[in-house]
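Participant: Read off the chains here:
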Amino acid sequence: MMTASCEPVRSERVPALVEQFKGGLAAPICLTWEWTYACNLSCTHCLSSSGRRDPAELTTAEMRSVIDELRAMQVFYVNVGGGEPTVRPDFWELLDYAVASQVGVKFSTNGLRLDAERAQRLAATDYVDVQVSLDGASREVNDAVRGHGSYDMALRAMENLAEAGFRDFKISVVMTRHNVPQLDEFAAIAGRFGAQLRITRLRPSGRGADVWNELHPTDQQQREIYSWLVDHGDRVLTGDSFFHLNALGATPLPGLNLCGAGRVVCLIDPIGDVYACPFAIHDAFKAGTVRSPGGFAEVWRSAPLFAELRTGTSSGACRSCSAFSSCQGGCMAAKFFTGLPLDGPDPECVKGHGASALSDSGRSGLPRPDKDHSRRRAVSMGMPSVRVPAKPCDSSPLAVTE
Amino acid sequence: MTAPFEPGRGYQLNPDVALRPEPFGALAYHFGTRRLSFLKAPDLVELVRGLGAHRSVSDALATLPGGRREVYLRALAALAAADMIVPQPGSSDAP
Chain E
1 MMTASCEPVR
11 SERVPALVEQ
21 FKGGLAAPIC
31 LTWEWTYACN
41 LSCTHCLSSS
51 GRRDPAELTT
61 AEMRSVIDEL
71 RAMQVFYVNV
81 GGGEPTVRPD
91 FWELLDYAVA
101 SQVGVKFSTN
111 GLRLDAERAQ
121 RLAATDYVDV
131 QVSLDGASRE
141 VNDAVRGHGS
151 YDMALRAMEN
161 LAEAGFRDFK
171 ISVVMTRHNV
181 PQLDEFAAIA
191 GRFGAQLRIT
201 RLRPSGRGAD
211 VWNELHPTDQ
221 QQREIYSWLV
231 DHGDRVLTGD
241 SFFHLNALGA
251 TPLPGLNLCG
261 AGRVVCLIDP
271 IGDVYACPFA
281 IHDAFKAGTV
291 RSPGGFAEVW
301 RSAPLFAELR
311 TGTSSGACRS
321 CSAFSSCQGG
331 CMAAKFFTGL
341 PLDGPDPECV
351 KGHGASALSD
361 SGRSGLPRPD
371 KDHSRRRAVS
381 MGMPSVRVPA
391 KPCDSSPLAV
401 TE
Chain S
1001 MTAPFEPGRG
1011 YQLNPDVALR
1021 PEPFGALAYH
1031 FGTRRLSFLK
1041 APDLVELVRG
1051 LGAHRSVSDA
1061 LATLPGGRRE
1071 VYLRALAALA
1081 AADMIVPQPG
1091 SSDAP
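Keeping their order, the protein sequence lines are chains E and S.
Here this note's numbering is used: the first residue of the first sequence is 1, the next is one more, and so on.
Here this note's numbering is used: the first residue of the second sequence is 1001, the next is one more, and so on.
Possibly wrong hints are sitting among the right ones.
Stated by the list, open to error - In silico lysine to any residue, SDA-like type, Cα no more than 25 Å apart, as pairs:
{"no.": "1", "chain 1": "E", "residue 1": "Lys22", "chain 2": "S", "residue 2": "Ala1075"}
{"no.": "2", "chain 1": "E", "residue 1": "Lys170", "chain 2": "S", "residue 2": "Phe1024"}
{"no.": "3", "chain 1": "E", "residue 1": "Lys286", "chain 2": "E", "residue 2": "Lys170"}
{"no.": "4", "chain 1": "E", "residue 1": "Lys22", "chain 2": "S", "residue 2": "Arg1035"}
{"no.": "5", "chain 1": "S", "residue 1": "Lys1040", "chain 2": "E", "residue 2": "Pro252"}
{"no.": "6", "chain 1": "E", "residue 1": "Lys22", "chain 2": "S", "residue 2": "Phe1024"}
{"no.": "7", "chain 1": "E", "residue 1": "Lys22", "chain 2": "S", "residue 2": "Gly1008"}
{"no.": "8", "chain 1": "E", "residue 1": "Lys22", "chain 2": "S", "residue 2": "Asp1043"}
{"no.": "9", "chain 1": "E", "residue 1": "Lys22", "chain 2": "S", "residue 2": "Ser1058"}
{"no.": "10", "chain 1": "S", "residue 1": "Lys1040", "chain 2": "E", "residue 2": "Trp92"}
{"no.": "11", "chain 1": "S", "residue 1": "Lys1040", "chain 2": "E", "residue 2": "Asp210"}
{"no.": "12", "chain 1": "S", "residue 1": "Lys1040", "chain 2": "E", "residue 2": "Ala72"}
Don't read these hints as lab results, they were simulated from the structure.
Construct all of the structure, not just a fragment, from the sequences and the given hints.
Facilitator: Laid out in structure tokens, this is it:
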């Protein structure tokens, strides 16, 4: 049994279930769907390198037909993100259409559009959940990553939701070196707003690759996260993202302890491309597109990449490690974007095997995301960009130009 | 709030619950509580789908081989606790 979205299955009989999941499900149970690459912010660690809208974005009609497909496949809910999804002019219309189609929506937002009136309408809509991103429990820590003004914007949105009586909305925190010491403060903020805290792992995906070395938690902090979750795990969501920490103690964190990519998880990006997981926007993990004749269902059922992920058992160097059964070799995307072999240790392997592999592999020639929608220069919207490449090619030889 | 599970009564799949066929059995999704359950055997799925046609849970279980009844009784109790199956309207708890 589990709560909606990508949250861990809490059941005594999980191991047998995990074996079933490895072969893939008839439809995903944890589908992330990014509705736009456009974003008012320029977070330094953005996993989808968002900023500018992609001119090939799915149209309203195409979005509706994907929703129709999800309904037919009995995908009961989706996690909508971006970019900032609410900047799509048809966002609220599509939200209503999904809900009316019995496809529940949890959407992630930086709070941009959540004024008092909108919060009231959301509170009155069944089958919608809201997740507000916050990467620091203080203005200083948050704004260093998410940009000036973003803390106040998020807090204002939370106040509006709480005031409207929206119970148990989510506050979503990506754990970094600077906010691990604030775990208790995050929990206090969630308590103050009647919200639920969700903490997830920083991935070296998208622009996250550029800041991962400086921002990913230290070994000591990984132990702090693990212990904190063991103590507070019942009330805190994790998107099942810390299973690589399981080897730190005898108490396993709740969850599948499984990379769900292509098995129970996948990503539809704003132009309709389907990837194995939200943290792997790269050609190596692209399974197809919803624009092809068979649509999303055909990609999910028949993409060769997914077939491979459903049969493949990663092994390699990790097989002989005593901790393999607890961590399963960790996160595929984290390995890929740090240049590590997929059948080797996770870069944040708690046994230290990742760190030594990283120092061997060097930083040059790392794979880059195949899409970069970062803004070319800072735009003055009261949210100055932290990352200011003069041309897209300055930051990536593979940058997509419009 | 869910009443205690009473195998002497008739139960049925909650109208708020959808069953999605899966290779291992089915996934049950409750639109009200937004929770998922996994029915991990095809004959359990069949049992749950057909539950409403029986006057009591015990009657429904009697169609199964004796060895499986105990396991499935526990599975049904768990599904009742999660509000996935509910007493049939008008079914009495008297024997």
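Participant: If a hint holds in the structure, say so; if it doesn't, say that too.
Facilitator: These are the hints, each one checked on the structure:
no., hint, result
1, E:Lys22 with S:Ala1075, "holds (23 Å)"
2, E:Lys170 with S:Phe1024, "violated (32 Å)"
3, E:Lys286 with E:Lys170, "violated (29 Å)"
4, E:Lys22 with S:Arg1035, "holds (21 Å)"
5, S:Lys1040 with E:Pro252, "holds (23 Å)"
6, E:Lys22 with S:Phe1024, "holds (11 Å)"
7, E:Lys22 with S:Gly1008, "violated (38 Å)"
8, E:Lys22 with S:Asp1043, "holds (22 Å)"
9, E:Lys22 with S:Ser1058, "violated (35 Å)"
10, S:Lys1040 with E:Trp92, "violated (37 Å)"
11, S:Lys1040 with E:Asp210, "violated (43 Å)"
12, S:Lys1040 with E:Ala72, "holds (22 Å)"
Going down the numbered hints, you'll see the structure goes against 2, 3, 7, 9, 10, 11, while the others check out.
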